[in-house]
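**Q** One-letter residues, chain by chain:
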Amino acid sequence: MAISFILVLIVLGAIVLTASGIWWFTPLASNWNEIDGALLITLAVIGIAFVVLNIVLAYFVLRYRHREQSRAQFLPDNPKLEKILIGITALGIVILLAPGLFAYSRFISPPRDALTIEVVGEQWRWSYRYPGPDGKLGRANPKLISPKNLFGIDLTDPAAQDDILSYSELHLPVGRPVLLHIRSKDVIHSFFIPSFRVKMDAVPGMVTHYWFTPTVIGRFQAVCAELCGIGHHRMQSPVIVERLEDFQQWLAKQPTVATTVKP
Amino acid sequence: MTHHTHHEPQSFWTKYIFSQDHKVIAIQYTITALLVGLFGLVLSWLMRLQLGFPGSFQFLNPGSYYQMLTQHGMIMIVYLLTAILLGGFGNYLIPLMIGARDMAFPFLNMLSYWVYLLSVIVLMAAFFVPGGPTGAGWTLYPPLSALPNAAPGSGWGIKLMLISLVIFIAAATMGGLNYVTTVLQCRTKGMTLMRMPLSVWGIFIASVMALFAFPALFAGGVMLLFDNLLGTSFFIPAVTLFGQQLPREGGNPLLFQHLFWYFGHPEVYVVILPAMGIASDLISTHARKPIFGYKAMVLAMAAIAFIGFIVWAHHMFVSGMNPYFGFFFAVSTLIIAIPSAVKVYNWLLTLWRGNIRLNVPMLFGIGWISTFIIGGLTGLPLGNVVADVPLHDTYFVVGHFHLVMGVAALMAIFGGIYHWFPKVTGRMLNETLGKLHFWVTFVGAYAIFFPMFLMGILGVPRRYFDFNALQYLPPQTSALNIAITVAALTVGAVQLIFLGNLIWSALWGKRAEANPWGATTLEWQTPTTPPPHGNWGAQTPTVYRWAYDYSVPGAERDFIPQNVPTEPQVLVGAQSTVR
Amino acid sequence: MTVHHSPNGHRDSVTPARVGVWLFLGVATMIFAALVSAYIVRMGSSDWHSLPKPGLLWVNTAILLLSSAALQWATIAERQGAHRSARLGFVAGAVLSALFLLGQLWAWAVLHKLGYFLNTNPSSSFFYLLTAVHGLHLLGGLIVAAWTVRSSERLQLFVTYWHFLTAVWVVLFGLIVLT
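Residue numbers (the numbering used here), protein chains in the order written: chain Z, 1 to 263; chain L, 1 to 579; chain R, 1 to 179.
Rather than coming from a laboratory, the hints here were simulated on the basis of the structure. Predicted model, so just to flag it, every value in this text is computed and none were measured. We treat Cβ as the ideally placed atom computed from N, Cα and C, and that holds for glycine. Each hint can be trusted.
Straight-line Cα separation of at most 16 Å, EDC-like style, residue types lysine to aspartate or glutamate; simulated pairs:
| no. | chain 1 | residue 1 | chain 2 | residue 2 |
| --- | --- | --- | --- | --- |
| 1 | L | K295 | Z | D77 |
| 2 | L | K295 | Z | E82 |
| 3 | Z | K136 | Z | D154 |
Partial chain L-side listing against chain R, Cβ under 10 Å, derived:
| no. | residue |
| --- | --- |
| 4 | F105 |
| 5 | C186 |
| 6 | L211 |
| 7 | F214 |
| 8 | F218 |
| 9 | D227 |
| 10 | N252 |
| 11 | L254 |
| 12 | Y262 |
Okay, chain Z solo, but in the shape it has when bound (with noise of 0.2 Å):
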């Protein structure tokens, strides 16, 4: 009898912490409303499962429990009952996953009008290069990597002259598709910024990419979510979201490849 009411005091508190809403979602920064909506709709399915199955569970074991002269029956199988739950249960996974597959459809879809950022993780910190007034990314070669070219320029690529580098902070126009180019200069390691719903994996040896469009102006927080060593939980970078004006001034003060890499 306590396990019956213990189960339903457990259902009672994890409803009452989930819905504090002290650790939930941070607001949403970006246009991956479809991502939340995906896994809000996943969350909703399996918390009406979880109450719904718990509490059957809390219910059967109060109803059936063992007491003088009862007797359990014989009730070895239903093959109609099993199908029906079949069914239930095929349709509520139909129901989370066909949004999931939409988003994500659209997801792995960048706009043609992104604008390119390269993003370089290393043990322990986030650096960053953008294209410049060309619009283009020059071409950068790991083995090229030295004290003087942290990034690996190639410098033989004319495009890659007026690309601008940031040491430390993620700066990003407001309003407008980001296309992340993110590599990694030594073990794998993952770009994650909580508020836009970002995450992919830095891994040395290849381009990942990833996009977005910021929508809030503000300051938010990259970190790394793939362990890459003690400092792991030390690898963050401000990522700051500004009117298009003031990211322009911010660029144009950065150091660029043509001013600060030499061979």
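With chain Z fixed as given, assemble chains L and R onto it according to the hints.
**A** Showing chains L and R alone in chain Z's frame:
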């Protein structure tokens, strides 16, 4: 009549140490696994001390923390759960439940235990070498795990870990060959596959999975070892570590991830399927009612096993792999939810209209259902690819896998131990301590892991030494972490009471009758308790019915053992009980 | 030959040993499949260089095929009751297999002399790894056979295992030679 291949052992050494008797080997596996699990448990206390009270302890620095995290994960999943479910429960139950005298290959069986023990020793040796054990996460992703000084334990630590895993895989293969062959070839007369108890089905299907999954880890592990030890570049691309360019190039870190998870995902089903089978038997026996939908339960386990081999890349949704793979793996992952859900409904429907004895094994069975529900359900947002993006590598994942593997599976294991202890030792475990063990573990587990889902939704990453750098945490988070730590230490303490109960009751516990629970399965029908060498005396049993004749209408008692012949007349108004 | 009665009472030639060996072949298939797929993936990288293939490898392949043939002859002879021919075939097969292993080691030495070590480049790494894993399975099989082949049933199982390893070698050899 099945064959048995060895004579009665004579000396102390051949009876208790180098025994080929599956029951002795099972106990050896269980004791070793519990001891190594205790060590893993202590590591979890230390981690929680750091997370609840950051900076309070000198020896808890990031390096040692990441080492503990890594070792805790590897120990619990591989050296505790897999070993105790297959090597412990599998070895003890399979021959007894199918009416065999022993395993098909008793010598290989004995060898498998000693090789397992060797793997444990090699694993532990890493704690004593310069640099200590590896701190690259139980997933051992290169380049972090392979490059010198990239992570703690990159010297002897990672080498010993990989060598230990290779040795474990040899032991697991020997064991798996035994369990599968024995089920296929050594069943007693009348014991058809569809009359086997679900405990056997769970362990059997899991063993098949293990046989086909571990080789991928073997291949990946050997290649990783070569990358670390011999300078190859299977997984290492061109890298610059701490300003130094390393003489490597061309390797593919994602290749390791594919190999690892091709093993890793089936591995979690290797852990959960035996637990499902055991839970089914606990619930039906103690509710005095046949398991609901036996055939569906078997088919569901087979479906989970099969589909379990084609979901692996849901661990890699944000790894940088080809994004189109995301569609496939999200669909396959969510499909596997269906047979799992069917099993949950069937456990509930077994309780429905039952005659539920709330003894300790049943309490753990109920605990299994509840924690498997939440553990399993929280896999769905993770499998729904786009929803996984914010949740991957956050505390949501930590909550999910702990509840499903670290709690639910453990509920089944504990329930199984309380249930079969009288058969193994001839004595009962202390019931009051058992209930205490259940209550603290069950409620405590929810207290520890439920809040982690909320932390994950907020965006708190996993594998963090402390959360000082995160600027978006509500101030109540440190109090929450303290609460979780207190719960964890309390749950940890009660496990010590359980271990004490095991030892005390084995020596001085109340004497048990041959079949204290009134169970139908064959292991309760041995001539003596504990069962003798060769299990059955002069004649192996003959089976006439399935494993779930509980509360059969018109029967004298509320259970009919499998080896009781069926009545010639048909009972009016009742369904046929012969399956 | 151990007689096994299945639950329905029939006399069966599917013995536990047979089931065990076939399961093990499944396991071994998985490990070679993992290595081969890793090879194929790794081949896609820009730093892949083809390896010189010593002509010795062709000789070794022929020797292994011959050893399989000898062992097959041994099982056929055994089934027909010609025990002396069977023993001859078995010994010939074992000797040829040992020759194959020695030949593989010699091939390693040849590559060493040409400057290709384990960590020289990815294709050399894979060459040594694949041949080592295959060779260890062969060696292990020889050792277990010496210890346990006592009956014609066991001989049959050993030969099955051998044919499997020969087939695996043909695949690995093809992969190495063609890429």
